[in-house]
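Top to bottom, those sequences are chains F and P. For the first sequence, this note's numbering begins at 1 and goes up steadily by one. For the second sequence, this note's numbering begins at 1 and goes up steadily by one.
Listed next, with one range per pair, are the computed distances between beta-carbon atoms: (1) F:S64 / P:G62: 29 to 35 Å; (2) F:K90 / P:S135: 49 to 55 Å; (3) P:E176 / F:V151: 31 to 37 Å.
Taking lysine-lysine pairs in the BS3-like style, the calculated list, with each CA pair at most 30 Å apart, reads: (4) P:K113 / F:K62; (5) P:K58 / P:K94; (6) F:K30 / P:K167; (7) F:K30 / P:K108.
Note that these hints are calculated values from the structure, not bench results. Where a beta carbon is used, it is the ideal one built from N, C-alpha and C, also for glycine.
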Amino acid sequence: MSFELPKLQYAYDALEPVIDARTMEIHHTKHHGAYTTNLNAAIQGTELEGQSIEELMAGISKASVAVRNNGGGYYNHCLFWEVMTPGGAKAPKGELEKAINDSFGSFDKFKEAFTKAAATRFGSGWAWLVKQGDSLVVSSTPNQDNPLMDVAEVQGTPILGLDVWEHAYYLNYQNRRPDYISSFYDVINWDEVAKRFKG
Amino acid sequence: MSFELPALPYAKNALEPYISEKTLDFHYGKHHNAYVTNLNNLVPGTEFENADLETIVKKAEGGIFNNGAQVWNHTFYFFQFSATPVTEPTGALKAAIDASFGSFDAFKEAFSKAAATLFGSGWAWLVKDAAGKLSIVQTSNAACPLRDGLTPLMTCDVWEHAYYLDKQNLRPKYIEDFFKVLDWKVVESRF
Chain F
1 MSFELPKLQY AYDALEPVID ARTMEIHHTK HHGAYTTNLN AAIQGTELEG QSIEELMAGI
61 SKASVAVRNN GGGYYNHCLF WEVMTPGGAK APKGELEKAI NDSFGSFDKF KEAFTKAAAT
121 RFGSGWAWLV KQGDSLVVSS TPNQDNPLMD VAEVQGTPIL GLDVWEHAYY LNYQNRRPDY
181 ISSFYDVINW DEVAKRFKG
Chain P
1 MSFELPALPY AKNALEPYIS EKTLDFHYGK HHNAYVTNLN NLVPGTEFEN ADLETIVKKA
61 EGGIFNNGAQ VWNHTFYFFQ FSATPVTEPT GALKAAIDAS FGSFDAFKEA FSKAAATLFG
121 SGWAWLVKDA AGKLSIVQTS NAACPLRDGL TPLMTCDVWE HAYYLDKQNL RPKYIEDFFK
181 VLDWKVVESR F
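Okay, chain P solo, but in the shape it has when bound:
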């Protein structure tokens, strides 16, 4: 099976001024694309030759895992944004967030802290466990909560390439702007 870079569901400049077109050009056009290309180059002749992406994320090791998980993570990341986002959760998701974190503001504070303090390259995630309980997790490099049996609902990429052209060392500013284009309608559909 050959993997493909999915088309973005919005224009490259749609997330301006919070995430710049230039950042998307590189992040999606170069980084995400390279992970897809690398994965396609790595799987032939391995046990993952005919595996789907989720199987690779859950079972693979080394380069196949790194590139496969980064394909999954980036697709998951890019597809949660919108130029006209619903900026707060509603309904059952809102109730679950209130139940787990106290309030949406308390959740945002905890999530922002997790994203800001992940040292090095990685991701912060909102996840749901088998019992339906929500929590926030941090992962390093390509690591993905799917592998731990959790259901990711949304994620913030804190590899420096996600924000360095726009924000340089100011990761907290990127996280603040991240919430301005995050579409809770998409997050709700994953919940």
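This is chain F alone, in the form it adopts within the complex:
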């Protein structure tokens, strides 16, 4: 079975003005589309064919660079589309809110740490909110690596991710990555993040 580019649960213009429709369309169809195609090509006919994306990530140290780059790109973008929404909960609630407070001190302290991780990732990469047991940590990874990979410095279950490759924001924000990061908080789907936290 090969991996498929997932359909978005909202229209390309649904996240405007935070993320413009043109960026969404190119990002989804071209970038995510290419990772999907290239991942399928990289595993076809190998012993990795048939593994779930999570299994691939967990054993990535033994896979080829093409599987690491494209598998990471495939997984990361699937998560990214799902943790955003034009409506829905605007702040974490319940158990997730408690875990954020316990782990970071407050929601604002979490935002500060996550913003810093996203802003200071030099080059291309991602910022993450990662579940480790009952607690949460913030991390960042280069290129298309992620916390599910057995090569990641900080390993765990990613429950929120922000793409800071320039392709994620350049048409709308150009060099102003900090503006992109601060706007991202307006479209986070905290219900989805909470679902991922519960596991």
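Starting from the structure of chain F, add chain P where the hints point.
Structure of chain P alone, referenced to chain F:
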């Protein structure tokens, strides 16, 4: 020592339609400029306070390296373009390219592939080693072949900010257009 953003040797619209004025506005006016500003903010009080840029590229780590090398890389990149470029190497450089790659076309193909396949942010370079032999190298993020004792002759910036406004995801198209404004006269002077 304070570092300065060097003035471009051509107008911002000189590389149109291959590299747009808007791209240069951001790439040179914002990105390159920010690396200069950041470097100037980072070096005071460090061992690099009075170092020249090459020393920083060769010896520094962390933020000083990232910003210093990006200043060097971008100056090196911007200064190799011209509105009226010599589009093919001649003389000794042509002979060296033929000797190392077989032909100019074979070199272009190999260089374009290196630039297209560098994953993430980085650079593709044509370099000369101590023995005078030419090769193509890829570097990630700010990394610069000067640090490895190589002499860079020309480079293609494949950070997405170098081409995204003009070409979006079509990096190979950017690389093809890159060669239309690359001035081999400048590359020859570095050789």
